[in-house]
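Trainee: Kindly generate the complete structure, drawing on both the sequences and the hints.
The sequence shown runs 1 to 125 under my numbering.
Hints in this document: simulated from the structure, not taken from any laboratory.
Ideal placement from N, C-alpha and C gives every residue a C-beta, glycine not left out.
Please note that a few of the clues may not be correct.
[Said to hold, decoys possible] Computed cross-link-like contacts, DSS-like style, restricted to lysine-lysine with a CA-CA straight-line distance of at most 27 angstroms: (1) K65 <-> K35; (2) K54 <-> K106; (3) K54 <-> K65; (4) K54 <-> K69; (5) K106 <-> K65; (6) K106 <-> K35.
[To be verified] Computed spacing ranges between beta-carbons, pair by pair: (7) K54 <-> S111: 14 to 24 angstroms; (8) M93 <-> C51: 18 to 28 angstroms; (9) P88 <-> D19: 23 to 33 angstroms; (10) S37 <-> M93: 30 to 40 angstroms; (11) A112 <-> S37: 41 to 51 angstroms; (12) L104 <-> N71: 25 to 35 angstroms; (13) K35 <-> S111: 14 to 24 angstroms; (14) V91 <-> V39: 25 to 35 angstroms; (15) S111 <-> N71: 38 to 48 angstroms.
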Amino acid sequence: MDRLTLFNRRKIKRTFPLDFYGEEGSWRFIIRAEKPSEVLDAMYWRAYISCHRKDFDLLHMATDKFNYKYNYSSADSSELHYASAGAPLRVNMMGPIVPISAILAKIHEQSAPENAEILRPAMQS
Numbered sequence: 001m002d003r004l005t006l007f008n009r010r011k012i013k014r015t016f017p018l019d020f021y022g023e024e025g026s027w028r029f030i031i032r033a034e035k036p037s038e039v040l041d042a043m044y045w046r047a048y049i050s051c052h053r054k055d056f057d058l059l060h061m062a063t064d065k066f067n068y069k070y071n072y073s074s075a076d077s078s079e080l081h082y083a084s085a086g087a088p089l090r091v092n093m094m095g096p097i098v099p100i101s102a103i104l105a106k107i108h109e110q111s112a113p114e115n116a117e118i119l120r121p122a123m124q125s
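Mentor: See below:
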């Protein structure tokens, strides 16, 4: 093994896990790629989940959480009764960290019954 190969392996170990941050409104989440082969999937699903958030229960798939601060401000004064008038309210929030492997497993699990229904009539004939 030459030095260049060893250097590249060390660099990959320091790079991963790689986190991709997504958000929908004030809600944020992380899709985590554990190895180089998962990066493209993580980028795709981060964008997809950002647009279709209500289709996914990331809280139950999460393996960890992260903290972030959100500056909440609203034109509706009734929503800001905890802050002084006109000042934004700074809220501490937590978001889930979901490995892409968990998302892919869930998608595969959901698509398995559909595939079984399609294949079943073909097997009977």
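Trainee: Is it true that the C-beta distance of M93 to C51 lies inside 18 to 28 angstroms, as the hint says?
Mentor: holds, 20 angstroms
Trainee: Would you check the hint for K106 and K35, treating anything up to 27 angstroms between C-alpha atoms as holding?
Mentor: holds, 19 angstroms
Trainee: Using the Cβ atoms, figure out if L104 sits within 25 to 35 angstroms of N71.
Mentor: holds, 34 angstroms
Trainee: Please work out if K54 and K69 have their alpha carbons no farther apart than 27 angstroms.
Mentor: holds, 22 angstroms
Trainee: Hey, K54 versus K65, does the alpha-carbon distance stay inside 27 angstroms?
Mentor: Holds, at about 19 angstroms.
Trainee: K54 and S111, beta-carbon distance inside 14 to 24 angstroms?
Mentor: Distance hint for K54, S111 holds at roughly 19 angstroms.
Trainee: Compare the distance between the alpha carbons of K65 and K35 with 27 angstroms, and conclude whether the hinted pair is satisfied.
Mentor: holds, 20 angstroms
Trainee: With 25 to 35 angstroms as the target window, see if V91 and V39 comply at their CB atoms.
Mentor: holds, 31 angstroms
Trainee: Would you mind confirming whether the straight-line C-alpha gap from K54 to K106 stays at or under 27 angstroms?
Mentor: The given pair, whose Cα atoms are some 15 angstroms apart, holds under the 27 angstroms limit.
Trainee: Assess, step by step, whether the Cα of K106 is no farther than 27 angstroms from the Cα of K65, and give holds or violated.
Mentor: Holds, because 19 angstroms separates the two Cα atoms, which is no more than 27 angstroms.
Trainee: Per the hint of 38 to 48 angstroms, is the separation of the Cβ atoms of S111 and N71 within bounds?
Mentor: Taking Cβ atoms as reference, S111 and N71 lie about 39 angstroms apart, which means the hint holds.
Trainee: For the range 41 to 51 angstroms, tell me whether the beta carbons of A112 and S37 fit it or not.
Mentor: violated, 22 angstroms
Taken one by one, the earlier hints fail for this structure only at number 11.
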